Amino acid sequence: MCLRKERERSLPCLCLVAAFGLFSVAARAQYRAKDTEWPSYAADMGGTRYRPLDQINASNFNDLEIAWRIKTDNFGDRPEYKLEGTPLMVNGVLYATAGSRRAVIALDPETGELLWIHGEHEGKRGGAAPRQLSGRGLAYWSDGVEERIFYVTPGFRLICLDAKTGSRVPSFGENGMVDLKLDDDQTISAWNNNGEWVPDLETGEIGIQSAPVVAKDTVIIGAAFREGMTPKSMRNNKGYVRGFDVRTGKRLWIFHTLPKKGELGYDTWEKGSAEYTGNTGVWTQITVDEQLGLVYLPVESPTSDFYGGHRPGNNLFGETLVCVDLKTGERKWHFQLVHHPLWDMDISSAPILADLTVDGKPVKAVAQPSKQGFLYLFDRVSGKPIWPIPEKPVEVGNVPGEWYAPTQPIPSKPPAYSRNGVAIDDLIDFTPAMRERAKEIVSKYHLGPVFTPPTVSKLEGPLGTLTMGTASGGTNWPGGSYDPETHMAYIYACNSCIEPIGLVEAPKEVSDIRYIAGAAGQPVQIMHGPGENAGADSAKPPKKRPASQYVRLDVDGLPLIKPPYGTITAINLDRGQIVWQIAHGETPDVVRNSELLKGMNIPRTGQETYNVGTLVTKTLVIAGEAQVTTTADHPRGAMLRAYDKATGKEVGAVYLPGPQSGSPMTYMIHGKQYIVVAVSGGPYSGEYIAYTLPSAGE
Amino acid sequence: MRKALFLSTLALLVSSFSLLRAQAPGETRSVWDGVYTEEQAKRGETAYSKECASCHGDMLTGGESAPPLTGGVFQANWNGLTLGDLFDRIRKTMPLSKPGRLTREQDTDVLAFLLSVNKFPAGKTELYRQSEMLKEIRFETKKPAAKN
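Protein chains in written order, with the numbering used here: chain A, 1 to 698; chain S, 1 to 148.
Isolated chain S, as found in the complex (with noise of 0.2 Å):
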């Protein structure tokens, strides 16, 4: 029994290495590497409306009390940290009235509509749900030199 659950462990660490691998080979990647695709923010938009809007204006330039989502300070804010970390506060502290009622998958989704608000590109491939696979992605304001 106790060896059962040891290899399906490993299985599953193997394959989450393996999906890992595959999503992110070579170096990280920042914002400005198509992180999230259109669809996701569209859908991102629809949740952003009904759950975040409130606080955080319509144009999400913030409210008397909440901070805006786009601009300078924002960008100022997370510049330098990872996706994970914006994840995290969306997660653990959001919607404030009660943090944690949006799905992963919802979270997810606001993210990619602030990337796409904030002028990041869109891509291909969906943003990951996991914070930790989001920590791989790197927040910077400044879009980096073109690769050789």
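Only chain A is shown next, with the shape it has when bound in the complex (with noise of 0.2 Å):
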């Protein structure tokens, strides 16, 4: 009890500054970013991971050595072993979250040196809250005298520290911060032991694990919940998103993603569903343009993923890529790319920001990676799509109780540049018999083209709609990248991650929801993400089965998809066209030493994740692998490779100790060019690492 209290007023906690004089700031002019700087999350608010810098380049990739590197298991109470941050470098100082406390640190950029370290104790709301762990960075501002860093705990605190100290700005919020559960329009709860929806701040599901997003003197956030395959309840809080002024933390404005009564939209939500329907929040990185003051925000799934049948109707604004006004929050225009979402397609990457020249005339447009494997394009005034994106009829389902969007709009161009369906033709091919094998264990799943809706699963079949470009499909989180000079996009996709997508009744204890996602003849389960209060959610008692029973959905060990895994694409916005194409990452030890293979001369086939970002500079693309492999040339472990991004040859490598698991981002600093990125998973816990050039004479 006591604890309790202690912990509350630890408050904040930790703050050790050891800032050795490097912040004798001079007065100066308004600050503005360097390109030799990485002043965002994506390096710029248009969410390119563009620098123009070429130190580093194809003659001397293979020459990168480490400079420094920093583990993060301290920064917490326990390692952390999925690091997905990308670091700031800024007016001579790294930034960066870190450790499963989500703490924020600066370091010397050349050395690696810990300047400051801020940590928040959050008690039982940390630990109940549905995004946990370092999250992807943060955000940083200045108006040429101050400096200040903000970031969200992971129970849901917007932070305003000084870049200096690392201390709180006290003039910020509440002794700088501000409490992002409340002033929300809304009442966040959570069901109490007696089953009844009540306001709970402790417990209340929402948080973020994004990097904010301050555009001019506003600072923007969206929401995020726990994974909503098998949610609890058709009722949940709302991902709604807000504006706060930089200075003060004052609330400026609100976009209700989830419209309320009398606002356009909130009659795309039949039987009222729009009042208790929850979800529907930005969860990744929102894109500003500055200078035309709009604001794109990707909106991800309204609750429940895979089944609508409790919100009848389109759903706007879920998955609807909106624009609205950086000074007022006000919308300005909306597309919805998925209607009635069922598929678990949140719009999970920042939006591009890209001057175009289409058909020789000049076009501002936002380019929106997709897991669906779509690039869509749209003129960012007005909204207009830059190429038809005309309404296609789709397969309509027959889950009982379930509404159906008959027609989805699908772009014309660019093509797709990632699978997006399951087709016969695109199971293993390695040899005939494998095709065989394949087709047999498909037959058991119904098969189709994107959009095809997902089926109650049956144990005489089919278990379930099988799917490629859904849940973790395409592109996710890292999002792509843009090279403003070439007009060229160049966007990695997981190219084979089947998503079964299967439906059972739930029953009343587990969720008030009709279906939720599981398989006929097993236990019916609550989904858990990470960092979850999973003590608050008693699993069903499991039902007895052997281990044999559980099978993969693959091929004597061998992917149940054919190669490539995983790829780079290159995309030409002025002519929405692919460039070229690559499998990226070294193919999986599972392939690579299949004794049924031998013999056989199988191309790199990339790897099976949907985790890869991209760093783009003046002549390379540069992504790490997020898979593991051991092989002649190098022990258990990683490459970074870099591309030549006019033709996607490789160009060069540098190991790494574990998986890429955050993007990479450069910087240079005092004429050295570095390059920083998070390596975690498996056995690997957390590590920023920076790569640089042998000196001169070394």
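Treat the hints as calculated values from the structure; they're not laboratory data.
What follows is a set of in silico ranges between Cβ atoms, one per label pair, in the way DEER data are often shown: (1) D77/A to A146/S: 43 to 49 Å; (2) E202/A to Q130/S: 36 to 42 Å; (3) T125/S to W197/A: 47 to 53 Å; (4) W333/A to R104/S: 57 to 63 Å.
The structure presented is a predicted model; accordingly, all values stated were derived computationally and were not measured. Note that beta-carbon positions come from the ideal geometry of N, C-alpha and C, so glycine has one too.
Dock the two chains into a complex; use the hints.
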């Protein structure tokens, strides 16, 4: 009892400052980030992940060596194996979130020396958060004199720090903190033990793991929730987006991603379902055009990823790209990528701003990569598609109580850059026998192109719909990258991430939703993401089942889908054409070492993973591998690879001791270029590693 | 008193050493040498379903945010390391909501279950329950050639 009070009092509890005079900042004009810096999560507000640096290039990439490294084990009460951050480097200091505490660290960008660290102890509220661990990053702001760092804690508090010291800025919010569970046009609530939906700031489900965006003088924050495949209820908190004053923390605006009564889109929620449906947040990176004063919000799915029977209608603004005014949050335009979402096609990554020349005319465009492998392009002022995105009829399913949209918008250009359906031709074909075995396996599933709806899971078949380009397919949170000089986008995609979507009737004690994700013959379970309050959700008693019944969707241990498993695609946005596509990632051990494939010459396959981020420099596209391999050329580890951005040809690779788990970034300081990447996963705990070239004369 | 303590410590060390020798004679073993029992894997399945399946999936194929515990990616992650490394990872960080909540016995049982699902053969003795001892067992994806 006492402990809790002590913990609450300990906010903020960690603040170790060692500035070493680095911050003797003279008065200067309005701070403008240089292109040698990396001042925001995706390099700039436009989501490009581009810096025009060229000291590290094709001729010397293989010479890269480790400049410094920092393990994140001690930035929390346990090591973290899912370090997804991309640091910032601005005004001579590198900032990052790190560790299971989601601490903020400031480092010397040349040596990695720790300058300060800040952490918040949130007690039960942090422990109950839907999105824990270190998050993806933070935001920097300066008016030329003051410098501030913004980040959101796992427990959903917006913290404003003095970038020079790591201390909270007392004039912002309440002593440097804005409680994001308040002032949200809703009362954040949770189910109590009596099954009542009651206000609860401690365990009420809402949080965020992405980095805040600061545009001009507005801090913009979205919202995230638990994974939505098996929610306990059709009712949940809503993921509104808000803007806050960068100096005071005062709320400036809010955008209702689920419209309130009387607002545009409310009528797309039939039977009043907008009242109780939740989620529909913006959990990924938000993009801003500061010059136009426009914000681009990539909105996720509404409550219940795979069953929408309790929310009949098209469900605006679920899975919709929404453009709002930076100063007011007022909607300017929107385009719903998926009507009545049923496939977990959250818009999962930052929209990319691109100033194009289409048919000889200049166009200010916004390009949206997606899980479903389409790159959607719009005039970012008007919202009009650059190339037609016609509504096309799609299969209507037969899940009891479900509501189906008869058509979906399908871009005419550019072509899909990754697989977004499952056909027989996509199955493994190293040998005819393997193809036959794969056909046998998929015969238990419903197959079809993009937007083939889920089915009820039946033991006699179908077990579900076998999908690609859904929950974990295509492009996920790392997003794409873009070269503003050549108008080329470079986008990683999982090209083989299959997702069987079957539905089972949910027992009343598990969920009040009629159907949730599951498979016939298996116990119905609520699925959790990392760091959820797992203790509060007791699993159903397991049924006994022999281990031999645990089958994977594979063929003798080999992936069910044929290569390439993961790709990087270069797309010319002026023309809407794919210029090149390569398999990214070493052939997995299980394929390379397979006895069944002995003697066969199999080109590099890439890897089946959805979380690879790319970086674009003056001449290179750089991306690490998110899976480890052990080859004749390197011990167990992964490679950070560089490709000629004009051709896709690999020009160099450097060893990583574990998988790339956060997107790489680059900067230049005192005449040297650095690349920093987050590494973690499997047995390897979180670490930021900085690479640079040997100094002259070495 | 000090002498007694010394002697009892020595006795403990000697007996631990004897135990080690008894359980791992000669060369080190790998996961292909029948290092767990079917019974242990069955207990592990129960613990897995209760404590792990909600994140890692009923079929161990992982979730949106939790890695798979079977198949190529899982095996590549641990290939060349030891069961002690894998045990430490489970023990120190799992379950994520409260690391260390399970007993060493439960963690070892879960480990046995993972081995069974990944089709490493069962044997006649149960897995060790101490990290240092589990470090004697190599995790090798590839089945070694038969010994003479």
